[in-house]
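As given, the protein sequences belong to chains V and S, one line each in that order. End of the first sequence = 462 in my numbering, gap-free, step of one. End of the second sequence = 941 in my numbering, gap-free, step of one.
Since the hints were made in silico from the structure, they are not lab data. There could be a bad hint or two in this list.
As the list claims (entries may be wrong) - No more than 25 Å apart at the CA atoms, straight line, and that leaves these computed lysine to any residue pairs for SDA-like:
(1) 495/S with 246/V
(2) 81/V with 608/S
(3) 676/S with 697/S
(4) 548/S with 349/V
(5) 598/S with 328/V
(6) 842/S with 904/S
(7) 548/S with 454/V
(8) 81/V with 678/S
(9) 328/V with 561/S
(10) 548/S with 344/V
(11) 676/S with 246/V
(12) 548/S with 637/S
(13) 471/S with 599/S
(14) 770/S with 790/S
(15) 729/S with 335/V
(16) 912/S with 929/S
(17) 352/V with 566/S
(18) 526/S with 246/V
(19) 676/S with 644/S
(20) 789/S with 838/S
(21) 548/S with 246/V
(22) 352/V with 467/S
(23) 232/V with 242/V
(24) 548/S with 306/V
(25) 708/S with 900/S
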Amino acid sequence: MKDIDGWKSVLTDQDRAKKYREYVTGWEKKIGSLLEWKLPEAGKIKSSEGILASVPFAVKDNIAVEGFKLTCGSKILEYVKAPYTATGVANLQKTGALVMGKANLDEFGMGSSTDNSALQKTNNPYDTSRVAGGSSGGSAAAVAAGIVPFALGTDTGGSVRQPAGFCGVYGLKPTYGVVSRYGLTAYASSLEVCGVCARTVDTTRTVFHAIRGMDGMDQTTIDYDPVSPEVKTVGVLKVEEGSLSEEVAASYRVSKDRLNKLGYAVKEIEIPAMEYVVPAYYTIATAEASANLARFNGMRYGLSPIFAESPDDLMRYSRNMGFGEEVKTRILLGTFVLRSGFQDQYYVRAQKIRTLIRQELDEIFTDCDVIMLPVFPTAPFHHGQSELTSFQQKQADVYTCLANMTGSPGLAVPSTLEKGLPVGVQFMAPPCGEERLFTVAEALEKEFPAPRPAGYSEEWRA
Amino acid sequence: MSDTMVNDKYETFVGLEIHIHLLTESKMFCGCKANYGDEPNTNVCPVCLGYPGVLPTVNQKAMKMGYTVARALNCRLSRKTYFERKNYFYPDMPKNYQISQFQEPVGVEGFMEFEYNDEIKKIRIHDVHLEEDAGKMIHAGDMSLQDFNRAGYPLLEIVTEPDLKSGEETEAFLRAFRRMVRYLGVCDGNMDEGSMKCDANISINTPGAGLGTKVELKNMNSPRFVRRGLQYEAQRQAKALDEGVKLIQETRLWNENRDITESMRTKEMANDYRYFPEPDMPPFCPDDSFMADVEKEQVELPLARKHKIMRKYGISSEQAEFIHDEKVNADYFEQVMALGADAQAVYTWLSSDVQKELNLLNMTLTESPLSPERFSELLKLMDDGKISGKIAKQVLIDVFEEDRDPSAIVEEKGLSQISDPQAIGAVIEKVMAANEEVVKAIREGEQKQKGFLVGQIMKETGGRAAPALVQKILSEKLR
Numbered sequence: 001m002k003d004i005d006g007w008k009s010v011l012t013d014q015d016r017a018k019k020y021r022e023y024v025t026g027w028e029k030k031i032g033s034l035l036e037w038k039l040p041e042a043g044k045i046k047s048s049e050g051i052l053a054s055v056p057f058a059v060k061d062n063i064a065v066e067g068f069k070l071t072c073g074s075k076i077l078e079y080v081k082a083p084y085t086a087t088g089v090a091n092l093q094k095t096g097a098l099v100m101g102k103a104n105l106d107e108f109g110m111g112s113s114t115d116n117s118a119l120q121k122t123n124n125p126y127d128t129s130r131v132a133g134g135s136s137g138g139s140a141a142a143v144a145a146g147i148v149p150f151a152l153g154t155d156t157g158g159s160v161r162q163p164a165g166f167c168g169v170y171g172l173k174p175t176y177g178v179v180s181r182y183g184l185t186a187y188a189s190s191l192e193v194c195g196v197c198a199r200t201v202d203t204t205r206t207v208f209h210a211i212r213g214m215d216g217m218d219q220t221t222i223d224y225d226p227v228s229p230e231v232k233t234v235g236v237l238k239v240e241e242g243s244l245s246e247e248v249a250a251s252y253r254v255s256k257d258r259l260n261k262l263g264y265a266v267k268e269i270e271i272p273a274m275e276y277v278v279p280a281y282y283t284i285a286t287a288e289a290s291a292n293l294a295r296f297n298g299m300r301y302g303l304s305p306i307f308a309e310s311p312d313d314l315m316r317y318s319r320n321m322g323f324g325e326e327v328k329t330r331i332l333l334g335t336f337v338l339r340s341g342f343q344d345q346y347y348v349r350a351q352k353i354r355t356l357i358r359q360e361l362d363e364i365f366t367d368c369d370v371i372m373l374p375v376f377p378t379a380p381f382h383h384g385q386s387e388l389t390s391f392q393q394k395q396a397d398v399y400t401c402l403a404n405m406t407g408s409p410g411l412a413v414p415s416t417l418e419k420g421l422p423v424g425v426q427f428m429a430p431p432c433g434e435e436r437l438f439t440v441a442e443a444l445e446k447e448f449p450a451p452r453p454a455g456y457s458e459e460w461r462a
Numbered sequence: 463m464s465d466t467m468v469n470d471k472y473e474t475f476v477g478l479e480i481h482i483h484l485l486t487e488s489k490m491f492c493g494c495k496a497n498y499g500d501e502p503n504t505n506v507c508p509v510c511l512g513y514p515g516v517l518p519t520v521n522q523k524a525m526k527m528g529y530t531v532a533r534a535l536n537c538r539l540s541r542k543t544y545f546e547r548k549n550y551f552y553p554d555m556p557k558n559y560q561i562s563q564f565q566e567p568v569g570v571e572g573f574m575e576f577e578y579n580d581e582i583k584k585i586r587i588h589d590v591h592l593e594e595d596a597g598k599m600i601h602a603g604d605m606s607l608q609d610f611n612r613a614g615y616p617l618l619e620i621v622t623e624p625d626l627k628s629g630e631e632t633e634a635f636l637r638a639f640r641r642m643v644r645y646l647g648v649c650d651g652n653m654d655e656g657s658m659k660c661d662a663n664i665s666i667n668t669p670g671a672g673l674g675t676k677v678e679l680k681n682m683n684s685p686r687f688v689r690r691g692l693q694y695e696a697q698r699q700a701k702a703l704d705e706g707v708k709l710i711q712e713t714r715l716w717n718e719n720r721d722i723t724e725s726m727r728t729k730e731m732a733n734d735y736r737y738f739p740e741p742d743m744p745p746f747c748p749d750d751s752f753m754a755d756v757e758k759e760q761v762e763l764p765l766a767r768k769h770k771i772m773r774k775y776g777i778s779s780e781q782a783e784f785i786h787d788e789k790v791n792a793d794y795f796e797q798v799m800a801l802g803a804d805a806q807a808v809y810t811w812l813s814s815d816v817q818k819e820l821n822l823l824n825m826t827l828t829e830s831p832l833s834p835e836r837f838s839e840l841l842k843l844m845d846d847g848k849i850s851g852k853i854a855k856q857v858l859i860d861v862f863e864e865d866r867d868p869s870a871i872v873e874e875k876g877l878s879q880i881s882d883p884q885a886i887g888a889v890i891e892k893v894m895a896a897n898e899e900v901v902k903a904i905r906e907g908e909q910k911q912k913g914f915l916v917g918q919i920m921k922e923t924g925g926r927a928a929p930a931l932v933q934k935i936l937s938e939k940l941r
């Protein structure tokens, strides 16, 4: 039986539903992965023949689901209800799956720890003093704890893959445009996509195929035209000594050894333009964010003062009270790089670097079917900025934001447990090469399936 | 004083930014009805309210209209046009950026010809670009309310080069422009209702010195106000230069109550729009079939139409001006002419009695019961002497009121002209018998009184007696 099938009676069977509710409550006290959750009553679920009939899942709270709030982890949207449902979620609902809750995140998806959520703290299920990663930290933590078999996240620069790595689950960032962004609260429109956190490769694949598809509401969606799923050669990124923590370096070696053992042709690769990835990425991301977040002004919805002298004052107060520091920083950065007379120096140049990186990757994919690279240079770190400052956390996005810059798919795969903490490894394929990622990940899953944190249970499942 | 020179000293340069609301059924980037006069906030959805997570989808019809106008303005049409975000905060702009076009608009480098003082003038068009409108603020007491029905309404902006030379010429250009967009069927051109708006850039300088310091004028809600605003501004600038005052680049508002312009903001306070390509929509690359459709949308433009009408039907410039003002009227005119009619008669009737009836019933010619066939029939009844001009006027009113053919009305009401000399003679004798005193006075030389008898005869026949015959027979009988 597929792992996901065990979830189909969790909500429909009264005894199981009761145990499940207790299980979720217990974990939530420890990890705080969900900002809001509600289980439908057993008798009230419409029977469905869909492939994910009655399977509960969580959705990152920057994706719209009618009937739930849409806080984006921000004070400015704390009480805003979604007036519609995102296309990706609606596609999943058609397969019978049920949204059980909204997952915590770094405010508007800006961060790598979920500590930037203005509403709640989310802990890593393996060690509650550590972060779950981010920005889809709530989604990854909920899956790792066994609260849901999968959760939707969003990936702008690694926001699905990095927390998946930190929590020991699979995290897929699909090819840009293959999954509709309609309903995804925009942070950096040209970089981001809805992604999947799941416990198994099979579930990841099932959910990916359920959410993807051309969408009349998103003109940037493209037809999914899969490349051959066959994988023979894996390019392994050469990582400079000292750029990874000891644990991550060790884990990376283990994954490489596994590839050799499984019979793949392993080839060391280098991406010279890699050193420009982070600055170019943050230039584009913040520029787009400065426009995308301008709509939050307290006028039509969201936090606003009770009284203001003028519409301009109302906007100013709302934004000042409603946005957190990281969000304000990125809006200011984006405004700075777009200002008149400086576009060539920043935004236009970043777009050129983006083209350069894409060309280098195209070249690599002419003789590698997939490439392997780290997810993040460290294992899950402690809450706060004592181990990695906000700036260092941005520099550490180098391995993940690569796929966002090129539009390629990327998959974080559990690699090892180091000192009890999960460490992941990442695979990238050319655009529409998702099946190649699943091929490699499935082979590795047999060697090392997603680990289970202490307290993990499946007793209430079929 | 020369028309184009301010105080015989300065040359004027005027460029326009014209915004037109496109006549589409839905908004620019969502499916909401484009009907902003409805109950506030009824034609809105998450997309045009700028809710989190929504994305724009381009209105294909608006895109086609944009290309249609750009083509009519002789622009170079883009084969890969794209939208950009124009960033600025405005309380009634839901996203706080406007989706507009900047680097690659639908059309660039065009021109438009129009007639001014019997001369054909050519104004260069800088570009034609598509964008979306904002909502509306309503200030009530100490509150500010917002209506988002207009938010996301498709707008087309046409930017001219500073080729206009005076307020008068600009007014004439605007009227010609308005006529053109109405001919193309893309906008109703109502400036007072805001479906067409115009901002003007004006500078003056000594002849040969090129452009002066540019002032942008806003808030002029009719072609007349545009003229007056520009005239005021040219004089204000001339006075400043005469007095050696340095002009500053600024935006000024036309105050229609005080007939002056007032400073709104200077260049230092201007927004930095931080344009960048809209990542939510791919570029639009029109294919050959789209371009063929744009060609099909082209119509004979007003200026060409006017001159054709003058040539073909031998009417004056002034008459053609009236006939070609609205495309439907020009079409109507030509349809009547095709059925066989005299151009002068058609013009005279259209510009007087028909127009009067239309105004009275608040109708347009095309929606009126007076089809070209009925109109032509009415003229023919007159030509053939079946009815007099006076009766024809009555029949016209009846056509409007009863929605029937003129011939049916004439027949049923017995309105056809009496042209039998014997019948008329009998009536004349009856009237003469009843007015012996008058007859006697006329015979004694008081010719003035003859008119009274004619009046009595017409009254007796219900106006149907052929006037020429009445005159002739009456004179004979009075001898």
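Results for each hint:
1. 495/S with 246/V: Distance ~61 Å between residue 495/S and residue 246/V Cα, so the pair is violated.
2. 81/V with 608/S: holds, 21 Å
3. 676/S with 697/S: With a Cα-Cα distance of about 14 Å, the restraint between residue 676/S and residue 697/S holds, given a limit of 25 Å.
4. 548/S with 349/V: The hint holds at about 20 Å.
5. 598/S with 328/V: violated, 28 Å
6. 842/S with 904/S: violated, 37 Å
7. 548/S with 454/V: violated, 52 Å
8. 81/V with 678/S: Outside the cut-off at roughly 43 Å; violated.
9. 328/V with 561/S: holds, 23 Å
10. 548/S with 344/V: Measuring from Cα to Cα gives roughly 17 Å; hence the hint holds.
11. 676/S with 246/V: violated, 65 Å
12. 548/S with 637/S: violated, 30 Å
13. 471/S with 599/S: Between residue 471/S and residue 599/S the Cα gap is close to 43 Å, so the pair fails against 25 Å, i.e. violated.
14. 770/S with 790/S: holds, 16 Å
15. 729/S with 335/V: holds, 20 Å
16. 912/S with 929/S: Roughly 13 Å between the alpha carbons, so the hint for residue 912/S and residue 929/S holds.
17. 352/V with 566/S: holds, 19 Å
18. 526/S with 246/V: violated, 60 Å
19. 676/S with 644/S: It is violated: about 31 Å lies between the C-alpha atoms, which goes past 25 Å.
20. 789/S with 838/S: Given pair residue 789/S, residue 838/S holds - Cα atoms ~19 Å apart, limit 25 Å.
21. 548/S with 246/V: violated, 47 Å
22. 352/V with 467/S: violated, 50 Å
23. 232/V with 242/V: violated, 30 Å
24. 548/S with 306/V: Violated, at about 30 Å.
25. 708/S with 900/S: Judged against 25 Å, a Cα distance of about 82 Å means the pair is violated.
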